[in-house]
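Taking the hints as your guide, dock the two standalone chains into a single complex.
Protein chains in written order, with numbering that gives the first Met the number 0: chain S, 0 to 347; chain E, 0 to 303.
FYI, nobody ran anything at the bench for these hints, they're computed from the structure. Accuracy of the hints is not assured; some may be wrong.
Examples of chain E residues toward chain S, derived with CB under 7 Å [to be verified]:
#1 E185
#2 E186
#3 A189
#4 L193
#5 G194
#6 Q199
#7 P207
Stretches of chain S that chain E covers, calculated by requiring three or more beta carbons in the stretch to come under 8 Å of a beta carbon on chain E [said to hold, decoys possible]:
#8 77–85
#9 97–111
#10 221–232
List time: in silico SDA-like cross-link candidates among lysine to any residue, alpha-carbon distance up to 25 Å [claimed, not checked]:
#11 K203/E <-> K18/S
#12 K151/E <-> K210/E
#13 K23/S <-> K126/S
#14 K71/S <-> A96/E
#15 K210/E <-> R149/S
#16 K104/S <-> E72/S
#17 K203/E <-> R149/S
#18 K18/S <-> F104/E
#19 K126/S <-> Q287/E
#20 K86/S <-> L214/E
#21 K102/S <-> E151/S
#22 K71/S <-> F104/E
#23 K86/S <-> G197/E
#24 K109/E <-> Q15/S
No residue lacks a Cβ here, since even glycine has one placed at the ideal position from N, Cα and C.
Next come the chains, spelled out residue by residue.
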Amino acid sequence: MSIEVRNLSKRFNGFQAVKDTNLKLESGSLTALLGPSGSGKSTLLRMIAGLEVPDTGAIHLTGREATHVSAKERNVGFVFQHYALFKHMTVFENIAFGLRVRKQKESEILERVYELLSLIQLTGYDKRFPAQLSGGQRQRVAVARALAPRPEVLLLDEPFGALDAKVREELREWILKLHEESHVTTLFVTHDQQEALEVASRILIMNHGAIEQDGTPIEIFDKPASHFIAQFVGETNYIDTEVSEKGLAVWGPFRFPVNPTLPLKQKIRIYFRPNDVYMTAQFETLQVRARIAKARFKGTIIEYKLDIGEDKHISAQIPKGVALASGFKDGQEVYAAITAFHVFPIES
Amino acid sequence: MSNENQEVIINPRQSGYDPTRALTEPPMVRFILIALSLLFLGLFLFVPLAVVFATALEKGIQAYGEAVLERDALSAIRLTLLTTFISVVLNTLFGVASAWAITRFQFPGKNILITLIDLPFTVSPVVSGLVFVLLFGLQGYFGHWLADHNLKVIFATPGIVLATVFITFPFISRELIPLMQEQGPEEEEAGMVLGASGWQIFWKVTLPNIKWGLLYGIILCNARAMGEFGAVSVVSGHIRGLTNTMPLHVEILYNEYNFTAAFAVASLLAFLALLTLVAKAFIETHAQDEKIALPPAHEQSRTP
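For reference, chain E alone in the conformation it holds in the complex (with noise of 0.2 Å):
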């Protein structure tokens, strides 16, 4: 176990190979591919982002200031954002759960569970809504159980919370569990045998390997949680600084041929949209930037 050998790290990005090099398309068929690609994301993307600001600034940023600041407005941000935060807590929750469960344990009915998680993502959002309705409206099975103990879900703030907890809670338990069924048990069981209990097993071992993908699920689930109109829009009644969120708000100004209010509104959310998308970026290069700080095991035949 003597004389140490260097070991020289290749990064491709660095020694000046340039894996695009290959592909020799002719330089007309790749100017033409870039092209229609930016032509496409230009007219379908960037325009209708663009036109959104634009509208809501129309008539001068103070009709932009009134129609974000004016009450119901204020209401519906309000809303919006408790809506969101209880739904980006309980899915945490629940994600961080079920991905244990299903990647750590062996128990009947496995499988049912990892497909109906996915069931938010294939039932439409209106259905989806209206299965609340049916639950808990006065007509619905727990209706006057209900109504009898002065609670009320359906048209008020209980029931957007449900629906939109329900229509987002596929977005971290999806994203947890690939990457906790690629670490495997052994770091856990490692932590266990070296003595360590459970609660300290989840946030020494498994926590920090898994931050980065619980993180990208919580900005999933986070602007989906947001921008979810269909199912909220059947439980929410549209009460007026009641029951509005931020996506019914634009739809009930827009209706009312209110449009720099509407685009107000909406321009907030889009805003909010590219916050995501910043969010995004960054948690992507930083996992990115661990993956390669953690290469596959690579043997050196020489140890010091």
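If we strip away everything but chain S, and leave its shape as in the complex, we get (with noise of 0.2 Å):
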């Protein structure tokens, strides 16, 4: 067990930003922390290095006892969203900064920062200040100088939020690289889905200051374990109706068995994703009617905003080609089926 924290809390002015959170990472892992704006994600990683104290809980570190040593004692790496590299160092002196202050050898210093130059590909680019730098060199840069001290840990605080999309996407694969490469345990913190969805292999999803769900992408995905992650994680559907027989929902045309525990009567929320709602031209079974109300082009994929009568509507998502092999147009009638959904009960 690399890192292990237990019962964590922490509040500021009164607002509880962590509250009584465990949680586990297996040596060698790659772990996102995903949530919204203010869900204490970063409390916690912040918490998990030393930089923010505790009002209770326990940290351990590889085994020992971490949540009263200082950040500078607890030998783990950290990379800020905003890199904060030293503007008045050049990358050498940034990623030998954690060697300096260790006092290591002039020799290993040169040897260490050299390595970490070819594996951050930026080999030639040592007597550069960070200015110099595009921000996705910057922050690999940042990256170096984290793991130059060989931390035993490394966390990233939203390390690609501050860069485009086209760097994002390739940074992404570089700390996938970097990481097979390295078998540092890793957490980053993220509240961008797909980055947590591609990079990590196993997803934390905090909301309020607390761990809602822990899984790998495709059962976060897939499964859902309450309302807030099934509208967080992916498009989604949602439609509120009512439990009106044994096991059985309906909703316009559409009929759900449900849980045959729930209660009669009982209000449940509907979640489906819109590429879970197969459409056709031709009817086939188990579809209903719909008709096409308006289509958006969303790149590789279209959505279709679908009439399904009683002036309630549904939107579906198909593959560009497939639509467009199929014709579909505004107004035209079709036929459609819901294939996957999740029901959670409202709480009244």
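See the structure below:
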């Protein structure tokens, strides 16, 4: 176990940033801490690094109690959203900083820095200043600087948040590759679900200061544990209805089998993803009739707003090629079925 | 991550783009504005300065030399330099410490501290001087205790130093607080996580980031410490050769109708002021250059 957090809580001026949080991260894992802004994910990360002091709870790093160890002694690598490179130092001196303050031998420093420069593909940039680098290059220097003293864990706080979309994508792939090579236990904070789903092998979702779900990307996407996660991860339709018969809910022409233990008249919200709407021009079994109210081009997919009567609408997403081959047009009659959905009771 | 996109840095100074071009006032208006500013500048700044040097040298270089090298004048110069040195050192320490505390920590009473730092700017220097007389003078709160222990503060060097330190203490912290606020704590946090101690962070991370602001504050503090008149005048007692600083010495000479000597010593002060201006300009250009070398993070879409 590389990082273990027990019952950690933190308040800021009456605002409960993190409440009673537990987590365990295996050595060598790559985990994302995903959540909307203000969910407490950065505070949790900063407490693990020792940059914030928790009110209650304990932190263990590689088996050692670290709750009251200063950030200086924790041997963690930390990467900031806005790089926090030392402006007045060259790339070389930035990366060497953690080694110099540990009074390492000059020859070892030289060797380690050049090794890291080649790892971050910036060999030959050692004499540049941070201002002479692009954002993506700066963030890679920041990662190298954090890795230089061989930390036991690497913590990244919205590492790609300040970069444009294209560079983000490149850096995602790069960080995956880096992790495969270095195997340092990595925890990164992000509000970008795509980033979490693509990069991490495990995702922790935070909301209102607590971890709401802990699972693999597929589990998070296909088995949301709460209303919040069903709405937060991926695009989704949601409809409110109630249990009308034992094990059945009805909404417009659609009939949803639900958990038979739910009491009659229980108010429920049903979530289903637009790409789980199966839409065809010809009727197939179990489909209902619908009319295309509006089509929206979204790059590789096309999103249709479907009118299913009774003033009810759902959205469906179809890969562009399929949509073009089917020749869907606005106003056209189509048939639709919902192939996967999640039911959550609404507490009244 | 292939093919490097060469970034084109547009420097408005080099590309022939003239930002003043957009303001197209008629030539007549421009001429009048420029002439007015120059006239005003000449009348109120240049002429007095020239008069100081002209009057000082009126009776020749020898009289000037005598006035400046006279025993009491030298003593005044010594006292001014000593006072200035102590004030600058103390206020540098205080300024850095207070700016660090205010920008890096949360503590109760922080806003009161920020307000109090400005006090010497808002209080009349004469009042500041009187405060010290009330505290340390013979009739003051600590007067008896000081007299019993044979310590002299008022009408002696410690009083002059105290008054000068008090008058000049906002300069450095006022310069550093906005600077450190703008820079934020991230670089220092990065240093800490990388294993640096508090001192290492201060010398290697904080100080290089604030050095131009700090120097600028020191220059301003220095200028004011040398020139302070009001507060020092109240606590000094004007004892020739003992408790006279340069500004006080100038006043005494002037009141004795010894104009040449008064202006000679004044010219030294004016010369120091000019040196300060040069140093200030130098620092400003350097700080500016560093800012130009540090543009806000500019994202290239390609990285090699």
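For each hint, the structure was consulted:
1. Residue-level restraint check for E185/E holds (minimum Cβ-Cβ distance to chain S is 4 Å; threshold 7 Å).
2. Annotation: interface hint on E186/E holds; nearest CB of chain S at approximately 5 Å, less than 7 Å.
3. The interface hint given for A189/E is met, as the beta carbon of that residue sits about 4 Å from the closest beta carbon of chain S, less than 7 Å.
4. At about 4 Å, the closest approach between the beta carbon of L193/E and any beta carbon in chain S falls short of 7 Å, and the interface hint on this residue holds.
5. With a cut of 7 Å, the hint placing G194/E at the interface with chain S holds, because the nearest CB-to-CB distance is about 5 Å.
6. Because the beta carbon of Q199/E sits about 5 Å from the nearest beta carbon in chain S, less than 7 Å, this interface hint is met.
7. Annotation: P207/E was flagged as interfacial toward chain S, and the flag holds, the nearest CB pair being 4 Å apart, inside 7 Å.
8. With a cut-off of 8 Å between beta carbons, the region 77–85 of chain S has 7 residues touching chain E; three or more are needed, and the interface restraint holds.
9. Only when three residues or more bring their CB closer than 8 Å to a CB of chain E does the claim for the region 97–111 of chain S stand; here the count is 3, and the claim holds.
10. Coverage of the region 221–232 of chain S by chain E is violated [criterion: at least 3 residues with CB-CB distance below 8 Å; count 0].
11. With a C-alpha separation of about 36 Å, the suggested pairing of K203/E with K18/S is violated against the 25 Å cut-off.
12. For the hint linking K151/E to K210/E, the alpha-carbon distance of about 37 Å lies beyond 25 Å, and the restraint is violated.
13. A hinted pair counts as satisfied when its Cα atoms are at most 25 Å apart, and K23/S with K126/S does not qualify at roughly 40 Å.
14. Of the supplied pair hints, the one linking K71/S and A96/E holds, its CA atoms being roughly 21 Å apart against a limit of 25 Å.
15. Taking the CA atoms of K210/E and R149/S, the gap is about 32 Å. The hint is violated against a cut of 25 Å.
16. For a cut-off of 25 Å, the pair hint linking K104/S to E72/S stands: about 20 Å separates their Cα positions.
17. Restraint check for K203/E and R149/S: satisfied, since their Cα atoms lie roughly 21 Å apart, inside the 25 Å limit.
18. The straight-line distance between the Cα atoms of K18/S and F104/E is roughly 24 Å, inside the 25 Å bound, and the hint therefore holds.
19. In summary, the hint linking K126/S to Q287/E is supported, as the alpha carbons are separated by about 22 Å, within the 25 Å threshold.
20. Straight-line distance between C-alpha atoms of K86/S and L214/E comes to about 19 Å, which keeps the hinted pair within the 25 Å bound.
21. Restraint check: the Cα-Cα separation between K102/S and E151/S comes to about 19 Å, which is no more than 25 Å; the hinted pair holds.
22. Taking the CA atoms of K71/S and F104/E, the gap is about 18 Å. The hint holds against a cut of 25 Å.
23. At most 25 Å may separate the alpha-carbon atoms for a hinted pair to count; K86/S and G197/E meet this at roughly 19 Å.
24. Distance check on the hinted pair: K109/E and Q15/S sit about 23 Å apart at the alpha-carbon level, within 25 Å; holds.
Against the hints set out earlier in the document, violations occur for numbers 10, 11, 12, 13, 15.
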